[in-house]
Structures are given as structure tokens and as C-alpha cells.
Amino acid sequence: MTVSDIAANIAASDIVETVPSALLILDRNLNISSANRAFYQTFRTSPEETEGCLIYNLGNRQWDIPALRTLLESVIPHRASVEGFEVEHDFPTIGRRTMLVNARKIFRPGDHDGFILLAIEDVSEERAARKESNRNWQLTQSIVDSIRDPLVVLEHDMTLVTASKAFLTIFGITQAEAHGRRVSELGQHQWDVPALRHLLEKVLPENKPIESFEIEDDFPGLGRRVFNLNARKVTQPGNHSHRLLLVFEDITDRKQRERDALTLTNEISHRIKNNLQVVVGLIAYEIKSTSAASVPGLKAMQARIGAIAQLYDLISHSSRGGSIAVDAYLNEIAKQLSASLIADKSSIEIRVKAEPLEIDPDRAVPFGLLVNELATNAIKHAFPNGGVGHILLGVERVGDEIELVVSDDGIGMKDKAVLAVPEKRGSDYVAIFVRQLDGTLTRSAPEGQGTTIRIRLPLLLIPAGDTEPLAA
Amino acid sequence: MAMILVVEDDVFIRELAESLIQDWGHQVLSACDVPQALTHLKSSQHIDALFTDVYLKAEIHGGCDIARQAILLRPELRVLYTTANRLTDKLHALFAAGTHFLPKPYTEDQLGLSVHNLLAN
Numbered sequence: 001m002t003v004s005d006i007a008a009n010i011a012a013s014d015i016v017e018t019v020p021s022a023l024l025i026l027d028r029n030l031n032i033s034s035a036n037r038a039f040y041q042t043f044r045t046s047p048e049e050t051e052g053c054l055i056y057n058l059g060n061r062q063w064d065i066p067a068l069r070t071l072l073e074s075v076i077p078h079r080a081s082v083e084g085f086e087v088e089h090d091f092p093t094i095g096r097r098t099m100l101v102n103a104r105k106i107f108r109p110g111d112h113d114g115f116i117l118l119a120i121e122d123v124s125e126e127r128a129a130r131k132e133s134n135r136n137w138q139l140t141q142s143i144v145d146s147i148r149d150p151l152v153v154l155e156h157d158m159t160l161v162t163a164s165k166a167f168l169t170i171f172g173i174t175q176a177e178a179h180g181r182r183v184s185e186l187g188q189h190q191w192d193v194p195a196l197r198h199l200l201e202k203v204l205p206e207n208k209p210i211e212s213f214e215i216e217d218d219f220p221g222l223g224r225r226v227f228n229l230n231a232r233k234v235t236q237p238g239n240h241s242h243r244l245l246l247v248f249e250d251i252t253d254r255k256q257r258e259r260d261a262l263t264l265t266n267e268i269s270h271r272i273k274n275n276l277q278v279v280v281g282l283i284a285y286e287i288k289s290t291s292a293a294s295v296p297g298l299k300a301m302q303a304r305i306g307a308i309a310q311l312y313d314l315i316s317h318s319s320r321g322g323s324i325a326v327d328a329y330l331n332e333i334a335k336q337l338s339a340s341l342i343a344d345k346s347s348i349e350i351r352v353k354a355e356p357l358e359i360d361p362d363r364a365v366p367f368g369l370l371v372n373e374l375a376t377n378a379i380k381h382a383f384p385n386g387g388v389g390h391i392l393l394g395v396e397r398v399g400d401e402i403e404l405v406v407s408d409d410g411i412g413m414k415d416k417a418v419l420a421v422p423e424k425r426g427s428d429y430v431a432i433f434v435r436q437l438d439g440t441l442t443r444s445a446p447e448g449q450g451t452t453i454r455i456r457l458p459l460l461l462i463p464a465g466d467t468e469p470l471a472a
Numbered sequence: 001m002a003m004i005l006v007v008e009d010d011v012f013i014r015e016l017a018e019s020l021i022q023d024w025g026h027q028v029l030s031a032c033d034v035p036q037a038l039t040h041l042k043s044s045q046h047i048d049a050l051f052t053d054v055y056l057k058a059e060i061h062g063g064c065d066i067a068r069q070a071i072l073l074r075p076e077l078r079v080l081y082t083t084a085n086r087l088t089d090k091l092h093a094l095f096a097a098g099t100h101f102l103p104k105p106y107t108e109d110q111l112g113l114s115v116h117n118l119l120a121n
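Line by line, the protein sequences are chains B and Z. Take the first sequence: its position 406, counting from 1, is numbered 406 in our numbering, and each next residue is one higher. Take the second sequence: its position 60, counting from 1, is numbered 60 in our numbering, and each next residue is one higher.
Chain Z with its partners taken away, still in its complex shape (with noise of 0.2 angstroms):
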């Protein structure tokens, strides 16, 4: 089973998929914004994928800039990103290569294949 880190700074939000993510067997950590996502990134926690929000409240692109120093720190973390904005190229273009999105508003079953895909690549 799987460590993943979710990011989201909304709370229900965040619940709500720690506790299914938690419900398909995997551990969480989380984080609702940059700083706190970070602690957990630099700390020696083995963490295999990061979950992220895009939005978050005081950083438009937080979510990218979290992936982006993470990815640094931990070469082989699996990212999947989310957002309730739409998908332009130009959003497209701050992801990391490699990574994967799911679109807000996500239902258990598109959160859990997503999950699922990124975990199996």
C-alpha cells in the first residue's frame, strides 16, 4: 500500500478523499497550502505520490509550485494534480512532465481509478 500526500485547502474536500484514499488501503498525509506541504516533502517521510490541488487560496498555482519543488526533492514521486478551474493549455503547460490530472468535481469512482493508474505507471 501506497503514501500518498494530499494537498487541498478546502477541508471537506481534503476529508473526503483521505477518507477514501484510506478506504482503498493506502496512509495519507496532509497538507491545505504550500509551507505545510513542503514540511512534509523535506521531511524523511517515504511518501510515493502527492495528490495536489491546484487552487490554492493564497497561491493561484500553489498546487504546481508544490509538484514542481517536490519532484525535486523526491525524483520518482508520482503526481496527481486537480483543479475546479478548467484545463487551458496554458495550465497544461505548468505541469510536470509525467503527471497525471483529474477535473474537479470528481466522483470516488474517477478519484479511485485515478489512483489507481498512477499508482500502477
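Isolated chain B, as found in the complex (with noise of 0.2 angstroms):
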């Protein structure tokens, strides 16, 4: 059986009785000539008490409604029909109410007076549902507004759906202007940043949130202004469609603390590296004037005060309020030892291994000291034949404890020339360093497959990332 067919076979009156709204059939006297189920229901009324009566006298003239008067005898007689003509009114027996008219004349053939047909669809739920939304909104507009941050509820599109006062302040746009509009079409389009782009795009398809994204900009009237952008995806109960709220957090007085900071840690780090390059120049003179045998001690101690001096440029690059780190620490010694000794033995090769970790100041200058000393003697010692040399910086985590590697493919400890003051010394200071940083020395490797000194030093190397030393 198709829907034509049902259709044939069932009488109107079945139609009139089904629709969950509620209908009237008035005459040209406003006599109401009958109504269906869903009328008695809603108003509470019966077939005795509606049919033949005025429309404005049922139920004790609680229809007579000045705005339903104004709908059946002004409204009506000019226009076949009328649709979503809204009437408020308080009724005795059922309450305020919201209805939802609509109204059409029907003619039968013959009969020119004819009938009106009233709708009427109680959507007071509907508008108390909707005023109580509209509430919220306010009452959520109210506390968005008092936010301090900028923020923004944007469509999936990348539109902007809301923002608060605070945003409308610092863009200085209103509210229906702000509507619409791309984060991309901000200002002068200078928020169109394609990495910023980017990453909106991610935040709904991928549930991937913004934490920090860092811009900077000139804002009316507020100046060059610094803002930490954070974004996430909110979704509404029962709503399948995603937005996507983005809080402009304004950092621009903590970054101008964090350069002004930085300023003064570089300004510290050239006053200091600056009466290093004196005392390096004290020592110079010193060299021009003294005898032969006092020059590898007096350039040694050179050496040592360049690795001091890496250590300023590594500080003054620390986010970490002055850790050091390891594997760039020796990396710096590396170029370092590699320009000033190896002006001619420039075969030889030092490389670095070390694990991402990072060292408080207070043990950077003894460990780098130590570092400086160990490779110092593999340059002068380990290759006096010539020839292609390694040189191997590494340091790793071994359980609790940190090893320090410094290991050569030279000739080996036995083989090696009986060694003179200055390096005699400088062996001296391999033991003060390794006693300052409570480690212990081993020497290893078969004889004549070069040296390697192995240090284990208690775990004073924090784990790049790691807010606490593990142990001191």
C-alpha cells in the first residue's frame, strides 16, 4: 500500500484528530463551529462548552485576547491568511501562555461567507526554554566579560562566534563586528601567522590543544603587547557541532621581566669574559717575557681560563634559572681546546657524546675544569708520532651515578713521556677536580689502544627537564 493510497481511504476528520496542534473551524461570526482533540486537551475544555460559542466568550472570556481580536478582525478580513501570529496570554485555567497562530480562510464551493481555520501550537515551553538560554547566555557573557584575558569562542570555520569585552577592548571592535570575522582578518591581517594557523586547524579535527603560542604585537592604545595564545575545543551537551575556545593570556610584563633579566645576565657575562680577555692578557705579556721552560704552564693556564669563560655564554643561554648543559658545555670546551692546541696537530678530532643533561653552576667550573684537563693531557700525550687522532668527551647516566669519558686512540699511558711540571700539575688538578665533585678515577684500555679515564661522579647532573636535582 503506497501513501496515495492511505491517503484515499482515510476521511480529514482522522487527519484533524491526529495533528498534535490544536485547531478551530470559526464561522464569519466568530462562532466557533467545532475544534479537534488536541484543542479540548491543551485548553482543558470540552466539545459542549467550545462548540456554538464565541470565541472570545469561552471559558468564561478568557479568549478574548485584544491581540486575537486584532488577528480574527483586522488582520483576517484583508488577507486569505495569516502564519506564526504570536499570542501571550495568561489563562485562568491552564496558565501564561505562548501560542503560535495561523489562520486561513476556506471557502466551500457556494458558500461565500466561508470559515476560518485556526492553527494554534502552544510553544510556551519552547520560549521559556529559549528565555532561560538567552539567560545563560547573558549570565556566561557576564562572566566571560569580567575575564581579565582576551578570549574568543570561534566557529569550526574559524569565525568568531563570541569574544569578550576584553578582547573587543584591545582589537577595538564591537561585538556584531567581531561576529563573523577570522582570527586571520584581525587588525591589519598581522594575525595571520601561518604556524598560528596551523595549529587552529588542529584543535578540532585532532581534539589537540594550544597551550602556549607566543605573539607579539602593536595593539591601539595599549602599545606592543606580548600574548601566551592557549586554544581547546569545547563541546556542548547533546550538540554534535565543536567550537573552539582561544584565551589571548597577556605575558608582555613577564617577558619584559625575562629580557630585562636576560640583559643583565649577558651584560654580567661580557663584564666577566671581558676581565678574562685581561687576565689572559696579563698572562701574554707574561709569556713574551719569560723563559721557555714557564710558557706550556703559563699557556695551560690560559686554557683553563677559557673554559671558564664558555661557561658565561652557556649561562647567560640557560632557561633554567643557570643550569648548564653537558653535552653543549663540551661541545664549547671542544671547539675551545680544538683552537688552541691543535694549531698544529690539526689531525686530531674531538667529539662529543653526552646525554641530555644539565648541570647547576655551582659544579660546572670544577667539572669543566676536570673535562679541560683530561683532554688537554690526550692532545699533548697521546699523539706524538702524528697521525690521525680521536678524542672521545662523553658523558652518561649509569644508575645513580653520572660517568665522565674522556678516551683517545693514541699510544696508550705506558708508552707515554714521562711527564713534565706543568702537566704533572695538571694531573694534580685532575685529582683536586675529581675530589670537589666526590667522584672517583679509573684508567683503562689494553696497552697501546690509547686511554680512557673513566670518572663516576654522584648524581649532580639534573635530567634536562627535571625542576630538582635527584640527588645532591
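Hint data in this document are derived by calculation from the structure and do not stem from the laboratory. On a predicted model such as this, the values are computed, not experimentally measured, just so you know. Hints may be right or wrong, so weigh each one.
[Unchecked claim] Computed cross-link-like contacts, DMTMM-like style, restricted to lysine to aspartate or glutamate with a CA-CA straight-line distance of at most 25 angstroms:
| # | chain 1 | residue 1 | chain 2 | residue 2 |
| --- | --- | --- | --- | --- |
| 1 | B | K288 | Z | D23 |
| 2 | Z | K42 | Z | D9 |
| 3 | B | K255 | Z | D89 |
[Unchecked claim] Which residues of chain B face chain Z? A few of them, derived with a C-beta cut under 7 angstroms, are:
| # | residue |
| --- | --- |
| 4 | P20 |
| 5 | H270 |
| 6 | K273 |
| 7 | N274 |
| 8 | L276 |
| 9 | Q277 |
| 10 | V278 |
| 11 | V280 |
| 12 | A284 |
| 13 | Q302 |
| 14 | A309 |
| 15 | D313 |
Just so you know, even glycine gets a beta-carbon here, dropped at the ideal spot from N, CA and C.
Both chains are sitting in their own frames, so use the hints and assemble them into the complex.
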């Protein structure tokens, strides 16, 4: 059976009794000819009380509503139909109701007066829900407006749905102007940053929040500001559409403090290194006038000062309150040694292999000087006959300890020449620095296969990314 | 032997550099700031190389300004920068193309090697 077959076999009265809207048929005098079951149920009345009654007199004149009179007496006579006429009224029997009324004039063949069909839909609950929703929206907006950090809600296509007052203030636009615009269209399009756009596009589909995206810009009336952008997906219960909450955290003051601290650190570092340059220069003057036997010791002293100087570059570069990245430090020491000691031994290569560990500045100086002494010894003594040589500076974590390895593929300890006085002093320094760092030193490697010095140190280095030392 | 213009605002460090460079048989001109350096560079004096500190008290990147103007005046001039500041990418971007760098503190051996390489290229 098709829909057409069903339609042909049912009477109009069946349809009238089935539809959820309340239906009324009025004659030309606005007396009620008939009503359907939905009308009687909605307005708690009966066919006996209703049929033949003037609509205004129905239910002790509770239908004598000015808006309904306007519709029936002023609008309908001039129009064939009216749709969506909203009537709000306090009914004594059912309370305050909001109704949407559709009206249509119906004419039968030969009947010039015709009837009026009123379809009345009770939209009270929908309207109440809408009012509640508006109240909630206003409350939410008030809370949003009270938040100091600017924030916006974006549609899935990255257009602005709403913005806080703080946001509107910094961008100098109204809520109406903001609505529907893209973040990339704000200001002079200076927020059209590919990296930001790329991140924002990932928030919704991949549910990947943006924790912090720094952007610096000039704002009218505010001047130059730095904002940290945070974004995350927001989902409304029962609603499958998703939106994006974008919060602008003003970090201008914090950034300025960081920059001031960095400037100060750089300035101090600059002064210290200039002073160290003076010290190195004083030694250089001594070298010019001293005996040849004293020169190696003085040059070794310059190298030690150079190793300390490298620290200041790394401290100023550090983001963790002065802690030093070990691999970077070893690389700097290797570079310094390569430049100062290998001029006549250019075939020696110094390699660095270090885990990502950090060291606090108090221990960095003896640590750096220790590496400097060991590597200097290797450069001076491991390759007396020239040729290609390799020196490895390595640091790795072994359980609760750190192992510093300085190895070479030179002639090995047994065949090395007897240490001259400065080198002997260098070995003394090694012992002192190892004691200072609470470490233990071992030498290894079979004869003729180079030298490997291993120094076990307590875990005085901090794994990169931790905030506290694991052990003192 | 070469004529080298040494620009350094610290008197001790400048005189040390001059003394070492002279020990290696070169001649030196000296300046402590941008105007003095430009006076030498605008003169008819033959100059082979410029050895300049980047940070000159009155001007944070005074050495870079000197080098830029020096190369305009003397395109063949060789340039060696030095500084006690860390060599960041931002600072490196201020260096003229094809120039050399020696970080402070430098020893006489390191300065000697840098000057040798500067004049050899």
C-alpha cells in the first residue's frame, strides 16, 4: 500500500484528530463550529462548552485577548492567510501561555461567507527554554567579560562567534564587528600567521589543544603587547557541533622581566669575559718575557681560563636559572681546545657524546676544568708521532651515578713520555677536581690501544627538563 | 707585512692586541670608537685588515657599523670581529659576508691563528 492509497482511504477528520496542533473552525461571526481533540486537551475544555460559542466568550471570556481580536477582526478580513502570529496570554485554567497562531480562510463551493481555520500551537515551553537560554548566555557573557584575559569562541570554520569585552577593547572593535570574522582578519591581518593558523586547524579535528603560542603585536591604545595563546575544543552536551575557545594571556610584563633578566645576565657575562680577557692578556705579556720553560704552564693556565669563560655564554643562554646543558658545554670546551691546542696537531678530532643532562653552575666550573685537563693531556701526549687521532668526551648516566669518559685512540699510558712539571700539575688538578666533585677515577684500555679515563660522579647533574636535582 | 686597524674600547686589551700583532711583524693603526675608526678608514692610509670589537661603549654594535662602512669605503678590506658577548644568530646576522670572528677571551695563539687566516684568504 502506498502513501497515496492511504490518503485516499482516510477521512479529513482522521487527520484533524491526529495532528498535534490545536485546530479551531470559526464561522463568519467568529463562533466556534468545531475543534479537534488537541484543542480540548491543551485548553482543558469540552465540545459542549466550545461548539457554537463565540470565541471571545469561551471559558469565561478567557479567549477575549486583544491580540487575537486584532488578528481576527483587522488582519484576517484583508488577507487569505496569516502565519506565525504570536499571542501571549494568561489563561485562568492553564496559566500563562505563548501560542503561535496560523489562520486561513476556507471557502466551500457556493458558500461566500466561508470559515476561518485557526491552527494554534502552544510554544510556551520552547519560548521559556529560549528565555532561559538567553539568561544563561547573558550570565556566561558576564562571566566571560569579567575575565581579564581576552578570549573568543570560534566556529569550526575559525570565524568568531563571540568575544569578551577585554578582547573587543584590545582589538578596538564591537561585538557586531567581531562576529563572523576570522582571527586572521583581525587588525591589519597581522594575526594571519601560518604557524598559528596551522595549529588552530588542528584543535578541532585532532582535539589537540594549543597550550601556548606566543605572539607579539602592536595594539591601538595599548602599545606593544605579548600574548600567550591557548586554545581548546569546547563541546556542548547534546550538540554534535564543536567550537574552539581561544584565550589570549597577556604576558607582556613577564616577558619584559625575562628580557631584563637576560639583558642583565648578558651584561654581567660580557663584563666577566672582558675581565677574563684582561687576565689572559696579562698572562700573554708574561709569556713574552718569561723563560721558555714557563711558557707551557702559562698557556695551560690560559686554556683553563678559557674553559671557565665558556660557562658564561652557556649560563646566559640557559632557560633554567643558570643550569648548564652538559652536551653544549662539552661542545664549547671541545671547540675551545681545538682552536687553542691543535694548531700544530690539526689531524686530532675531538668528539662529544653526551646524554641530555644539565649541571648546576656551582659544579660546572670544576666539571669543565676537569674535562679541560683530561682532554689537554690527551692532545699533548696521546699522539706524539702525529697521524690521525680521535678524542672522545662523553657523559652518560649509569644508575645513580654519572660517568664522565675522556678517551683517545693514541699510544696509551705506558708509552707516554714522563710528564713534565706543568703536566704533572695538570694531573694534580685532575685529582683535586675529582675530589671536589666527590668522584672516583679509573684508567683503562689495553696497552697500545689508547687511554680511557672514567670518572664516576654522584648524580650531581640534573636530567634535562626536571626542576629539582635528583640527588645532592 | 700587513697594516691592521685595531678598534677596541678597552685600552689594555687594545694595546695587548697591538703589541702582539706588531710582534708578528705587522703594522697597526688604533681606534677606540666609531669616529676614530672612520677617520682612519676615510684617510688615504693603506689598510689591509680591520680587527674590531663589536661592543664599543657608546654603541652596542659599533664594531658592526664600522665594518659595514669600512667595506663600503674599501671593498677589499678583510674584517675580523671579536666580542665578549655570546655569538647569537642575531649578532651573526650583523656581520658582513666573508668576515671572520674570534671570541673573547682570546689567547695570543688564537689571535695569531685568526690574523694568519684573515690575511691568508
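Results for each hint:
Using a Cα cut-off of 25 angstroms, the hinted pair K288/B and D23/Z holds, with the two alpha carbons roughly 10 angstroms apart. For the hint pairing K42/Z with D9/Z, the CA-to-CA distance comes to about 20 angstroms; that is within 25 angstroms, so the pair holds. In summary, the hint linking K255/B to D89/Z is supported, as the alpha carbons are separated by about 20 angstroms, within the 25 angstroms threshold. The beta carbon of P20/B comes no nearer than 72 angstroms to any beta carbon in chain Z, farther than 7 angstroms, and the hint placing it at the interface is violated.
Against a cut-off of 7 angstroms between C-beta atoms, the interface hint on H270/B holds, since the closest Cβ of chain Z lies about 5 angstroms away. Residue-level restraint check for K273/B holds (minimum Cβ-Cβ distance to chain Z is 4 angstroms; threshold 7 angstroms). For N274/B, the shortest C-beta to C-beta distance to chain Z is roughly 4 angstroms, which falls under 7 angstroms, so the interface hint holds. Checking L276/B against chain Z by beta carbon gives a least distance of about 4 angstroms; that is within 7 angstroms, so the hint holds.
This hint holds: Q277/B has a C-beta 4 angstroms from the nearest C-beta of chain Z, less than the 7 angstroms allowed. Interface hint status for V278/B: upheld, as the beta-carbon distance to the closest one in chain Z is roughly 6 angstroms, under 7 angstroms. This hint holds: V280/B has a C-beta 4 angstroms from the nearest C-beta of chain Z, less than the 7 angstroms allowed. Given hint, A284/B at the interface with chain Z, holds; its Cβ is 5 angstroms from that chain's nearest Cβ, closer than 7 angstroms.
Interface restraint check: Q302/B against chain Z, minimum CB-CB distance 5 angstroms, threshold 7 angstroms, status holds. With a cut of 7 angstroms, the hint placing A309/B at the interface with chain Z holds, because the nearest CB-to-CB distance is about 5 angstroms. For the restraint placing D313/B at the interface with chain Z, the shortest Cβ-Cβ distance is roughly 4 angstroms, inside the 7 angstroms limit, so the hint holds.
This entry does not satisfy hint 4, going by the numbered hints stated previously; all others are met.
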